[in-house]
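Undergrad: Got chain A sorted already, so can you dock chain B onto it with the hints?
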Amino acid sequence: MWYLCVFYHRLLDYRKPEVESLAELFDVFDNGYGDDLRNNGNAESKSLQWRLPLHHHPDSPFHFVNLPSEDAARKIANRSILVKGIYELWGEGSSYEELEEAIKSYPDERKLPYLTPESTFKITVDSFGKVISFEEQNDRIWGLSYIPFKGRVNLRNPDHKFYLIEIDNYGNNNGLPPVVHRRIFFGREVGAADRKLLPTYQLKSRNYLGPTAMDAEVAFLMANQALAAPGKLVYDPFVGTGSILVAAAHFGAMTMGADIDIRVVRDGRGPDCNVWSNFKQYGLPMPLALLRADNNLPPWRPGLKEVFDAIICDPPYGVRAGGRKSGGRKLLKGAVGPYTVPDDKRTDHIPSTAPYSLVECVHDLLDVAARMLVMGGRLVYFYPVLREDDAIDTNFPEHPCFRLVASCEQILSLRYSRVLLTMVKIGPYTDELEVTARMKHLEFKENHLKWLEDGNLHSAVFSPADPQLGGAGDTKFSKDSKPKYRGKYV
Amino acid sequence: MRLLTHNMLSSNIKGVTNGFPLRIEAEKVVEKQVDFNPDFLKNMFPKLEWKALADAARSLGYGELPDAADASMLDSDDFLRRLHHALLELHLEEGALVCPETGRKFPVNKGIPNMLLHEDEV
Chain A
0 MWYLCVFYHR LLDYRKPEVE SLAELFDVFD NGYGDDLRNN GNAESKSLQW RLPLHHHPDS
60 PFHFVNLPSE DAARKIANRS ILVKGIYELW GEGSSYEELE EAIKSYPDER KLPYLTPEST
120 FKITVDSFGK VISFEEQNDR IWGLSYIPFK GRVNLRNPDH KFYLIEIDNY GNNNGLPPVV
180 HRRIFFGREV GAADRKLLPT YQLKSRNYLG PTAMDAEVAF LMANQALAAP GKLVYDPFVG
240 TGSILVAAAH FGAMTMGADI DIRVVRDGRG PDCNVWSNFK QYGLPMPLAL LRADNNLPPW
300 RPGLKEVFDA IICDPPYGVR AGGRKSGGRK LLKGAVGPYT VPDDKRTDHI PSTAPYSLVE
360 CVHDLLDVAA RMLVMGGRLV YFYPVLREDD AIDTNFPEHP CFRLVASCEQ ILSLRYSRVL
420 LTMVKIGPYT DELEVTARMK HLEFKENHLK WLEDGNLHSA VFSPADPQLG GAGDTKFSKD
480 SKPKYRGKYV
Chain B
0 MRLLTHNMLS SNIKGVTNGF PLRIEAEKVV EKQVDFNPDF LKNMFPKLEW KALADAARSL
60 GYGELPDAAD ASMLDSDDFL RRLHHALLEL HLEEGALVCP ETGRKFPVNK GIPNMLLHED
120 EV
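Chains as they are written, first to last, in numbering that gives the first Met the number 0: chain A, 0 to 489; chain B, 0 to 121.
I should point out that these hints are in silico values taken from the structure, not numbers from a laboratory. A few of these clues could be false.
When the alpha-carbon atoms are kept at most 25 Å apart in a straight line, the in silico DSS-like pairs for lysine-lysine are as follows [as the list claims (entries may be wrong)]: (1) B/13 / A/439; (2) A/304 / B/41; (3) B/104 / B/27; (4) A/304 / B/50; (5) B/27 / A/304; (6) A/203 / A/74; (7) B/13 / A/279; (8) B/31 / B/46; (9) A/195 / A/160; (10) B/50 / A/103; (11) A/121 / A/195; (12) B/46 / A/279; (13) A/121 / A/74; (14) B/50 / A/279; (15) B/109 / B/31; (16) B/109 / B/41; (17) A/439 / A/304; (18) B/13 / A/444.
Just so you know, these numbers come straight off a predicted model, no measurement behind them.
Pulled out of the complex, with its shape left as it was, chain A reads as follows:
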């Protein structure tokens, strides 16, 4: 059945993938439901059917989605972060007269059960792109008196919530999707995101923070992309302060994390300000394990594989926080020869580490994920990309064990974005793959310096504007330039 899905107008690339992932989580695609996404004629996965209202831009908050049942729609909406509401549409029109006709012709058996005398209801007037005054809202509600509401009004906690949504033609100002003719929707809310979640988990009241702690909203989106749920085991190899695991734990998953920096993982800032206290703050079950480990040389026993249901992480890109790996910078550069730590200094020895390029980091992440994820498990991670002429290079990392399911861009600055990649494990980790990975690992070691210099994201992001661009470059900053559609900046 087709439902109206209204999104919060932010993080535009994340909206539909979240709904698709939640549809997967709630088994919507079982029994053959959904459209096939085909690659070379092979049905690879399923997706939902979406439709845009007439004349609407794809970035519009309004979409129609086909879902098999109200139960599925409610579960998806209530677990989501970006769905403002999913509504069973009772009518739509470009004028209130058209709307009235549409609502009157909507079948009674779909309407009457929600208008009974024993029930309570509330009608909310919502608008997009304009403000409707309180008096005007009241007028519009009274204008709906042809609908036979028999129950009582309850504004706090009604049994049924109805929405009258008006979109008007506002031209193309302030970065909202251009074009939209006046359209009015009236529907019954089936489900909506719990926006009380974010104020509870917001970082500014988080007990233990680090400079790269993941924003709560994005952490929940990552956990949804990874299908975190009770009974699942989720791993973060760059756990830091645990902000991503907190989101996964909120959705009932069991968590495990590792980090190369022992101070973050073991000590925190004190006995009441560390990763454990973050979980305690929200009454969430503690991680099953936290360890200090190097994802470049993971401590897993040989033969261990297919243990995690999901790996969710934000690897170090080397821009604001550089990654490290074992080995010792001077050692890898060849500036000093290999040395042995004297026995009496062993216990307190802090091994030196070397800078970890993004390329090698992602290679190791894919290798560990290919091995340690169960079949069908999800790898969800952020990948930084440089922006050029308002577009990004969409050559994302690939691996034979994985299929890319979603890529969601979040613009961070003029120069660069990060893209949340969602990959599903579709093939087993073979001996051949293990051998290839080991050889690649040695190749990285041999060419340590080369990988640090090439693809150095940090300098690309922080370098001053290219003087060669001269006048052409300045137009980006001039006030005369056409205001860009800022949709992806939110």
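TA: Then chain B, alone, in the frame of chain A:
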């Protein structure tokens, strides 16, 4: 550090052929209650190295696990509860994990094992 974690770790020092299982030197062991979740235990069971788990539990003072186990035992609530206790409720807070081949100690402090390799082990 729980025994679930211990069951996954090995000494991957360069040149070592068999770094699993790590021998446990226990200085401080704590028991912490965890909600019983039979589905999780049943899912984890096939991925466990049983003998290593039973030996590790014994070294932490818990000898109630059978020396060998197979999937049919998962039907027994008593077995599941013992497995639950050994796998999730015993914590090594302070001590070390010792590489069976080289004797190198990986310290465990505040429940966190430090598995980082030294420069000459890479």
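Undergrad: Quick one: which hint numbers does this structure break? Sort them smallest to largest.
TA: Going through the list in order, the structure violates hints 5, 6, 7, 10, 12, 14 and 16 and respects the others.
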